[in-house]
Structures are given as C-alpha cells and as structure tokens.
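Protein chains in written order, with the working numbering: chain A, 1224 to 1697; chain B, 1224 to 1697.
You may find that some hints are simply not true.
Unchecked claim - Pairs of lysine-lysine, BS3-like flavour, derived with a Cα cap of 30 Å:
hint : chain 1 : residue 1 : chain 2 : residue 2
1    : A       : K1304     : A       : K1338
2    : A       : K1338     : B       : K1282
3    : A       : K1338     : A       : K1535
4    : B       : K1630     : B       : K1282
5    : A       : K1630     : A       : K1282
6    : A       : K1338     : A       : K1487
7    : B       : K1338     : B       : K1282
8    : B       : K1338     : A       : K1338
9    : A       : K1326     : B       : K1326
10   : A       : K1304     : A       : K1535
11   : B       : K1282     : A       : K1326
12   : A       : K1307     : A       : K1338
The set of hints was computed from the structure by calculation and includes no laboratory data. Computed from a predicted structure; not experimentally measured.
2 protein chains.
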Amino acid sequence: MTPPDMNLGTKSPQGYDPATFRPLTFHDAVPRFLDGSDTPRAYLERCLEVIAAREPVVKGWVTINESGARAAADAATSRYKSGKPLSTIDGMPIGIKDLLQTKDMPTEQGTPLLKGAQTHADSASVMALRQAGAVILGKTVTTELGMSHPGPTTNPFNPEHSPGGSSSGSAAVVGAAMVPATLGTQVVGSVIRPAGFCANTAIKPSFGAIHRGERLGFSQSHIGVHAGCLQDMWSVAFEMAQRAGGDPGHPGLYGEIAPRAAAKPTTLIVMESEGWAQTDGVTMGAFERILGQLSDAGVTLLRRKDSPLIEKFEEAIGDSLALCRDLCGYELRWTLENLIERFGSGLSDSMMSRLELARAMSIDDYRLAMFRRDEAQRAFAALTPLADGLISLSSVGPAPVMDNKLKDSGVSHTTGLPSFNACTSVLGSPAITLPLLAVSGLPVGVQVIGQRHADAALTGTARWVLDHIRPVVA
Amino acid sequence: MTPPDMNLGTKSPQGYDPATFRPLTFHDAVPRFLDGSDTPRAYLERCLEVIAAREPVVKGWVTINESGARAAADAATSRYKSGKPLSTIDGMPIGIKDLLQTKDMPTEQGTPLLKGAQTHADSASVMALRQAGAVILGKTVTTELGMSHPGPTTNPFNPEHSPGGSSSGSAAVVGAAMVPATLGTQVVGSVIRPAGFCANTAIKPSFGAIHRGERLGFSQSHIGVHAGCLQDMWSVAFEMAQRAGGDPGHPGLYGEIAPRAAAKPTTLIVMESEGWAQTDGVTMGAFERILGQLSDAGVTLLRRKDSPLIEKFEEAIGDSLALCRDLCGYELRWTLENLIERFGSGLSDSMMSRLELARAMSIDDYRLAMFRRDEAQRAFAALTPLADGLISLSSVGPAPVMDNKLKDSGVSHTTGLPSFNACTSVLGSPAITLPLLAVSGLPVGVQVIGQRHADAALTGTARWVLDHIRPVVA
Chain A
1224 MTPPDMNLGT KSPQGYDPAT FRPLTFHDAV PRFLDGSDTP RAYLERCLEV IAAREPVVKG
1284 WVTINESGAR AAADAATSRY KSGKPLSTID GMPIGIKDLL QTKDMPTEQG TPLLKGAQTH
1344 ADSASVMALR QAGAVILGKT VTTELGMSHP GPTTNPFNPE HSPGGSSSGS AAVVGAAMVP
1404 ATLGTQVVGS VIRPAGFCAN TAIKPSFGAI HRGERLGFSQ SHIGVHAGCL QDMWSVAFEM
1464 AQRAGGDPGH PGLYGEIAPR AAAKPTTLIV MESEGWAQTD GVTMGAFERI LGQLSDAGVT
1524 LLRRKDSPLI EKFEEAIGDS LALCRDLCGY ELRWTLENLI ERFGSGLSDS MMSRLELARA
1584 MSIDDYRLAM FRRDEAQRAF AALTPLADGL ISLSSVGPAP VMDNKLKDSG VSHTTGLPSF
1644 NACTSVLGSP AITLPLLAVS GLPVGVQVIG QRHADAALTG TARWVLDHIR PVVA
Chain B
1224 MTPPDMNLGT KSPQGYDPAT FRPLTFHDAV PRFLDGSDTP RAYLERCLEV IAAREPVVKG
1284 WVTINESGAR AAADAATSRY KSGKPLSTID GMPIGIKDLL QTKDMPTEQG TPLLKGAQTH
1344 ADSASVMALR QAGAVILGKT VTTELGMSHP GPTTNPFNPE HSPGGSSSGS AAVVGAAMVP
1404 ATLGTQVVGS VIRPAGFCAN TAIKPSFGAI HRGERLGFSQ SHIGVHAGCL QDMWSVAFEM
1464 AQRAGGDPGH PGLYGEIAPR AAAKPTTLIV MESEGWAQTD GVTMGAFERI LGQLSDAGVT
1524 LLRRKDSPLI EKFEEAIGDS LALCRDLCGY ELRWTLENLI ERFGSGLSDS MMSRLELARA
1584 MSIDDYRLAM FRRDEAQRAF AALTPLADGL ISLSSVGPAP VMDNKLKDSG VSHTTGLPSF
1644 NACTSVLGSP AITLPLLAVS GLPVGVQVIG QRHADAALTG TARWVLDHIR PVVA
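Chain A with its partners taken away, still in its complex shape (with noise of 0.2 Å):
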C-alpha cells in the first residue's frame, strides 16, 4: 500500500497510517512568517489547495469566507513584515463549528430550520480569535443542534465512516489537514470522540475554561480545540481565553503561553468508565499495548481494582450517558420548544425522542440529576492525591459506519458512542486526545484526563506521552 500524503490532500484515502500521517501545522511556519521566507497569504491559500482537493468527498465546510479569510490572512502577513504579530496565532486559518456565532457568515447549527440565519455578531471564543489575528476561514458542519443527528461530513481517512459529532467538520477538516485547527463544542462527547476519528490533538478543556458566548444554555458544555499538534492546540485555547475569558462566573483558563514541556507522569489511573464494556477486542488489545509501554516506561499504573477510591469513582460516573441524556435534554427544552413554536416542525426524529424524554422531567428530576453529577465530580476529586491523571481511550472503537444504527440511554448516537466521553463531560475535567491507535486503518484516539484547572500540566503529560509513547497500529 502507497502510503497517502494527507498532507497535500491531492489522493483520496487510503486509510490512516499513524508512521506516515502528516497533519498540518501553525507555530513551525511562523518563523518563515517572520523572516519572510513564508506569508500568512500563503499558508492560507495552501489550505484553500487542499479545501479544493478534499472537500468534495469529506464535506466538513458549511460556510467558507474566500474573500475574508484573503483580507485578514493580508493584513497578518503585514503585521509579521513589520515584526508586529499580535499573537501566536496571527494569520492561523481555523474553522469555527456552525454552532458558534460569526458576524459574518450564517450560523446555521446543522438544522435546516435555520439556512442563511445571520447573527450579525461574533460569539465569544470567534471574537477573541479574530483579537489575536487569527483567520476566521469558515464554518464548520455540526450534526443538528450539537446533538446526534448527523450532517453530510464524511470520515477524511475513509468516506464510509462518519467522522464523529456533533463537531463533525471541524474534526474532519483537521484530520484531512485543510486547516491547522478548528472549533467544537463538547456537552456529551462531541470534541475528543470525533477528534479520536480523525486523528486530531484536541483539548476539551476544564470546565467555563474558554468563554461560550450566547452558547451559555448547558450546564455541562465546553468550548473545544481540534488541532494538528498539542502546541497549536494550545497556542489557540489559551489566545481566546486571555481576551475572551472564561465562562462569566468562572476563572478561565489557567496557564501560560508557551505550552508545559514535557512532564512524565509518576502514576496513571486507567479510567475504565461505560466504554470499558463496549469496546471491541482489537481497540481494547491495541489500547494495552499502550499502556504496556507507558508500564515499562516506569510509568505506575493503578486500575479500578487497585483502590476503593477508583471504584467509587468508577460507580459514580458509571452511569454519566443516562445522566448526560437528563441534564442536557432538560435545558435543551427551551430552546427546542421555542423552534418548535416558531416553525412548526423540521426537527429530527431523533431530537424528538429527546424532547420527549425531557418533557417527561419534573424540576425535582433535575435536581436530583445535579446532584448525581455533584456526586461523580467529588469521587474524582478524591483521586487528586493519587495520580498526576487518568488515562482512557477516546472512543470505544474506530468511526462507525455512515448508516450505523447506535442508541443508547434512549437516544441514538449515529456519529459513535460517547461512551469514554459523557463521563468527563459530566466531571468537567480537561481531556486532551491525542492520535495513538490505528485500528482497521482507521484513527483511535487515547485521551488524558487531568483536575478541573489542571489544563496546562495535563499539557505537560500529553507532551511526554506523545514523545515516548510510539503509536500502535492494529
């Protein structure tokens, strides 16, 4: 098999390879940037070249900005001929899930209920991005709603699977090295679980860590990165925290610019979760293969046995997808019943059976749901002393199928089960994935998973894991 060269995007392809997969990158072009060998009009319109090739097949884009993207990428390039970059990120192209407002472009949320609807204003996290000079290139395809109702994005490894959802483009568009990173949102498992399918480095960070704009609505979601590489994924988390803020009431994201060096974990827990039941032998093979070197690396690694307190912990999330399904359709009610109002109908069976199981709820259910995932959150405050994080896959296998029928807790997961994600939503910890598996040619991500605020060490242990820990192919 020719290895592809997914850098350029001009094959289609061939499957996922982790030896020969080269996605793209910002930071090690920005001194090119500024000794002029390289432009941010450049490097954008190298994006555009593989947009062109690729786009056809994945369909990640809902939404792309030509002429916008031309300008501001113009005026970065500029800026780094005068020596005056505002950020790390001036001139980065990225891609802004469709659930995220942009004042100039529609902000659609993967339901056709709102074709061309224009917000005229920027959400939060967009705003911030433009702030630090960043190229806002377009939007990206979320399943309907942020929910699991699937849109046309296809997987950029191979086109019969799904990529993930519900940040399915922005996932995708990073896996086919269109852009360097992107934007998703995660409420249930809806940035590491379609990162995972697509070989992205992503961080869903702690949770109110970067500010969600007019998306405030969920008790339990977080703005994500997707990205090429844990720097650039860094660079653009910690940029939008620093202008935009956090979530109002929440710190923000804590840290520095520069991204933690390396930092070998002394101790791992490996975090079994509802995934740990539903994942496929091969996965689950590959997946000790890797805690194998991390074993012989020195790395300690404590399983659900080792103590009382991970299997507390292990109760207490053992149910985060049933938990995730009350919580988020409880506040979703509003919002849906007034599309409902105003339109009549136009969504998904699939966000229906949702509706309904929420109507079903009283304010009593809801409260008694906090006060589950009030439960979850302090058992893993209690695992603090005993290791530096946890360690998990990010999904329980590779990207189903397109037509695939998955349900689960009652609803139905078309782009995968969030059954390794639910529960760190539910937790509100940072999970970093990072590309380490392949299995039937497809990407599997592992995730770290650190205390809420630990985001920038969890950085400095996804950086050791990735500089010692050599992919495993199954």
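Got chain A; can you put chain B on it based on the hints?
Structure of chain B alone, referenced to chain A:
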C-alpha cells in the same frame, strides 16, 4: 389634599400616600373568575383602561400587544369557565421587561440600535408564563441594555422623578396599577430599587432561581418579579420556576405554590452597606421608625456593632458598587463590542465609559473580583445562625428627579444610586422590597434579605412585616 384614586388611574398622581394607595392585585379576582362573576378578559380590559389613562405621562411601555393579549385572556376565560385553569396565574396580564425575548414582540433592550429587532423566540421565563396561562400584554421600558442610561419612563407618583432602573417600566406600570405584575431583571440594583421607588412589592430571588434564558451572560444577574402584592409576586415567581427551572446548573426556586404564612422573625440584622452613609436624614428617620416598631413588636435587631461577624460582613460588602462595576463591565464587553462592530456607534456616553473601564481589565483582574465576591458570600453565610434575615432600605431615599447626574464608582446612576442593592446582587441572596415608607410624597421601599434558597421562608417574614408594621409617612 384629595387622595388620588391610583387604582383607576383616572386622575393625575398627587403623590404617594400608603394609606390610600391601592395596587392592582390578581389572586383575589380568581374566585370571581371561577364563579363567573368576572373574567380574565374583563380584567384585561380594565388594565387597558388604566393604561389608556396614564400611559401618556408614565411612558412605561415599549410595545403593547392588545390583540394577542385579548386572545390569551379569552382562552383563559374559557379555561375558568370549564373549571380548569392552568395555574394560579392563568389569565394574569403581565408586562415583560424589554431585555427579555418575546416571540410576538420586538426585543429592543433600551437601545435605538435594536429598534424593532425580532428574535422569534420567548425567553425561558416568558415561555413558562405562557405555559401557566398568563397573558403577555407587552414589553416594558428598560434603561439601555439594562445599565444606567435612562428611557422615557416617569415615576407614577410624580412625573418629575425617575421611576428607577433598569427595570424602569416594569416598576412604573405596576406602581400605576396598569397590571398586577411584571418581570424585571437585576444585575446590580435593577429590581429592588425601582420597585421601592414605585411602591411595588417585588422579589429579586436567589441567584439562579428563575431561568434567564438568553440572558446568562452575567454571573450575578437575576430575573425578578414586580407585583402589587406579596401573593401575586410569589405566584408568578414560583409558577415560572416550576416550568422553566432555574438557570442551567442551578436548582431553581424552592418552596410551595401557596405563599408562606406570616412568620415572625426572632432576630433581624440591620444591614448598612454602602447605602447607609448616603441616605438622607428624613429617609433614615423614617426607616428608624420602622425599626422601632419591629423592636416594640419583640423582634431582636442586631446592629453592625453587636457582632464582629456582622462587622466582618459589612466590610466584605463595603465595596460592592465597584465590585459590580468590574464584574458586570468585564462580562458585558463582548456584547458591547459586537454592537459597536455591527453599528459603528449609537451607545450612550455612560455605556462607553463602562466599556473603557472594562477594556482596561485583565483576566486576572476579573478573577480577583470573583474572589472578592466569594469572600462577601462567605461572610454572609457566616451570619446564618445569628438571625432569620436582614433588613435595610431599598434605596438611599426617594426617586431622584429625572435630570440628575448621580455618579458612583466611575459610572453614572441617573435612575438612582443602587447602594443598598449592589450588595445583595453580589451575595446572590433573595431580597423582597415592601412599600413601607413615604418620603416627600414618594414611595421608598424597605427590603428584607434572606440566605440563598430561603426565598419561601423570606416570603413568610415579609408577610409578617406587612401584617404587623404600619407604613411610615415622612
């Protein structure tokens, strides 16, 4: 002086006299709806008559949806006829502060920039009111974006004076007996202060108690209820919270649909806050007569000097105006920057001054402000075992004249100083204002304040105060 017939609104107001002022109430009309001797439609028509008579001077409404209201009132009339009202507020005409979205009317937010702006959606609280059968009559005037630049509304007891703000129209139209209840919002002093100026009975509930819908961008704003009486106030708040829930991630309003019976407090703490030193002598003298009555009735009053915990609390809230300026300014930047980007100009000078202050803040400045708010909340919680609640004035005196130039903490307060309110907004504590004082022919409120989530119990305290304390005229 002939006492004005405030209830019919057929004469110009001649000043406020608590002995003769009869606010409009709703709960006492319900038995007549059920026995057929009155109907919600007839009740609405009486409201419209008062509005026709007084609105030319009061100027409390931005939009009135007469046809929609009549249709809703007719539907409620049918439900009562069949003995099946939807709730305790079925058929109640309610005004909505024009910061909150309504599907059938524009949401202009007190700025000419958003003239005629349609959102095609109901805010969560508005949707909940409709689900409970309430008649959404119209939108009430707010100051510019809920901050300090005033709208055209005048005080219903003297048109030379401000109605207060930012819930200017919501306070004024209840004070003018045009409707039995309205929704307001408070981020600094926007419910309790104007309610006090307009002789409303009003609640700013515990932080998070009533879902703010699209208005979640402030970390300490609240939806409140202005009403003509305590029972209607509570019914509106509770019926909303049961249906919309609280803010995402918050448990919502606790209690029962029946308002608590009068409950005599054993001990109340007299809260000074920043307002104490700013209060005029006449108002302070009148308030001390209220305190004297409480003392005579056997209620123990604790003053600042009676406990080091109270002294510590007063110190912790002693800079609340500046703290609100910083927290709210930082949180409002994003909204303001989007408006400036979209429209170029059109914000008031006072709003631009706020923005300049906020632009100079770093994310660490915001974190420090949150830390100070947390300190104040802890100092407040430490008072829990000492007293059943707190009592203070709702404002530093009666409503100022319309063209005043009050300033504090670097921002203007043309609708009156929120010096007794910034603290309770910072604390997230429930506060209920009662129309117990008349100073120079204008109403001044007295507020009782409870610990967070003690809203229902606080209603029992407020009932006892209303039943046992005579209003004071000074």
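Which numbered hints are broken by the structure, listed smallest first?
Failing hints, ascending: 1, 2, 3, 6, 10, 11 and 12.
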